[in-house]
Amino acid sequence: DAMVIQNPRYQVTQFGKPVTLSCSQTLNHNVMYWYQQKSSQAPKLLFHYYDKDFNNEADTPDNFQSRRPNTSFCFLDIRSPGLGDAAMYLCATSRLGRGVFEQYFGPGTRLTVT
Amino acid sequence: QKEVEQDPGPLSVPEGAIVSLNCTYSNSAFQYFMWYRQYSRKGPELLMYTYSSGNKEDGRFTAQVDKSSKYISLFIRDSQPSDSATYLCAMSLLILNQGGKLIFGQGTELSVKP
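Going line by line, the protein sequences match chains A and B.
Heads up, the first sequence is in my numbering, so the first residue is 9 and it goes up one at a time.
Heads up, the second sequence is in my numbering, so the first residue is 7 and it goes up one at a time.
Read the hints as simulated data drawn from the structure, not as lab findings.
Mixed in with the good hints there might be a few duds.
Stated by the list, open to error - Capping the alpha-carbon separation at 30 angstroms, the derived lysine-lysine pairs in DSSO-like fashion look like this: (1) K52(A) <-> K73(B); (2) K46(A) <-> K48(B); (3) K73(B) <-> K60(A); (4) K25(A) <-> K46(A); (5) K73(B) <-> K25(A).
Stated by the list, open to error - The following residues of chain B were derived to be distant from chain A, with all beta-carbon distances above 12 angstroms: (6) E9; (7) G22; (8) I24; (9) V25; (10) F39; (11) Y57; (12) T68; (13) D72; (14) S75; (15) S88; (16) S90; (17) G111.
Claimed, not checked - In silico contact screen, one side only, chain B against chain A (beta carbon under 8 angstroms); selected entries: (18) P14; (19) Y38; (20) Y77.
Ideal Cβ positions, reconstructed from N, Cα and C, are used throughout, including at glycine.
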């Protein structure tokens, strides 16, 4: 089945220790997104790629970086995690154009910062 | 003021009840209106979407949009325990050649008791 896969599902890191979360998709979608979702809050868009074009949200901290080496893979790098970065990180994909509203989400990576 | 406001609940109803979930928004430029369902520890999945004012029905679910009042609703008829989840409203701006982005509401946690 075509899908969005996120690894790992649970990640524990220490304060200030860099961490990388990964996302892969078999849907061949142009657009990939990274969201941060804290408990009982709305998913908050961090950035998205249209193909290789990177679009950063204005309020995304510099601590968060992303890479998309090819259509299928996208990575979220947190350079120096703080306690406030503990959250669920969701990857999503969509087609370009009218399909953009139908985003396919992965199961998420729950990040704990100790 | 948040762009999208949603009552976080939690909402608890008996099986078979009619459920009404609501969101208001402030940006009149939003073009697409979606409802996503998120089960515990899973990513959101698209339930329904609408483009224009009016009603759209899909089985037990009806989505309603009132653009003049900037208000959207999701009605669930004959609610089932399997409907227990968090329901997120989302609005979309279509950005030509860049994909687009979703602005989510906070989500309403629904529990349907047998």
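Non-interface claim for Y57(B) versus chain A (Cβ beyond 12 angstroms):
9 angstroms, violated
Checklist entry - S75(B) clear of chain A by more than 12 angstroms, beta carbon to beta carbon? => result Its Cβ never comes within 12 angstroms of chain A, the nearest being 21 angstroms, so this holds.
Beyond 12 angstroms from every chain A Cβ - status for E9(B)
10 angstroms, violated
Task: Least C-beta distance from T68(B) to chain A larger than 12 angstroms - done: 18 angstroms, holds
Practice problem: Classify the label on V25(B) as holds or violated, using whether its beta-carbon is more than 12 angstroms from each beta-carbon of chain A. | Solution: 19 angstroms, holds
Confirm or reject the statement that G22(B) sits farther than 12 angstroms, beta carbon to beta carbon, from all of chain A. It holds; G22(B) is separated from chain A by about 27 angstroms at its closest Cβ, greater than 12 angstroms.
**Report entry** S90(B) and chain A, when compared Cβ to Cβ, separated by more than 12 angstroms
**Finding:** It holds; S90(B) is separated from chain A by about 16 angstroms at its closest Cβ, greater than 12 angstroms.
With a cut-off of 8 angstroms, does the beta carbon of Y77(B) approach a beta carbon of chain A closely enough for the hint to hold? 18 angstroms, violated
So if I understand the rule, the pair passes when the alpha-carbon distance is 30 angstroms or less; does K73(B) with K60(A) pass? Judged against 30 angstroms, a Cα distance of about 35 angstroms means the pair is violated.
Can we confirm that no CB of chain A comes within 12 angstroms of the CB of I24(B)? 25 angstroms, holds
Mind verifying the non-interface call on G111(B)? Its CB should be farther than 12 angstroms from each CB in chain A. 6 angstroms, violated
Exercise. Going straight from one Cα to the other, do K73(B) and K25(A) come out at no more than 30 angstroms?
Worked result: The hint is violated at about 46 angstroms.
Violated hints, listed in ascending order, are 3, 5, 6, 10, 11, 17, 20; each of the other numbered hints is respected by the structure.
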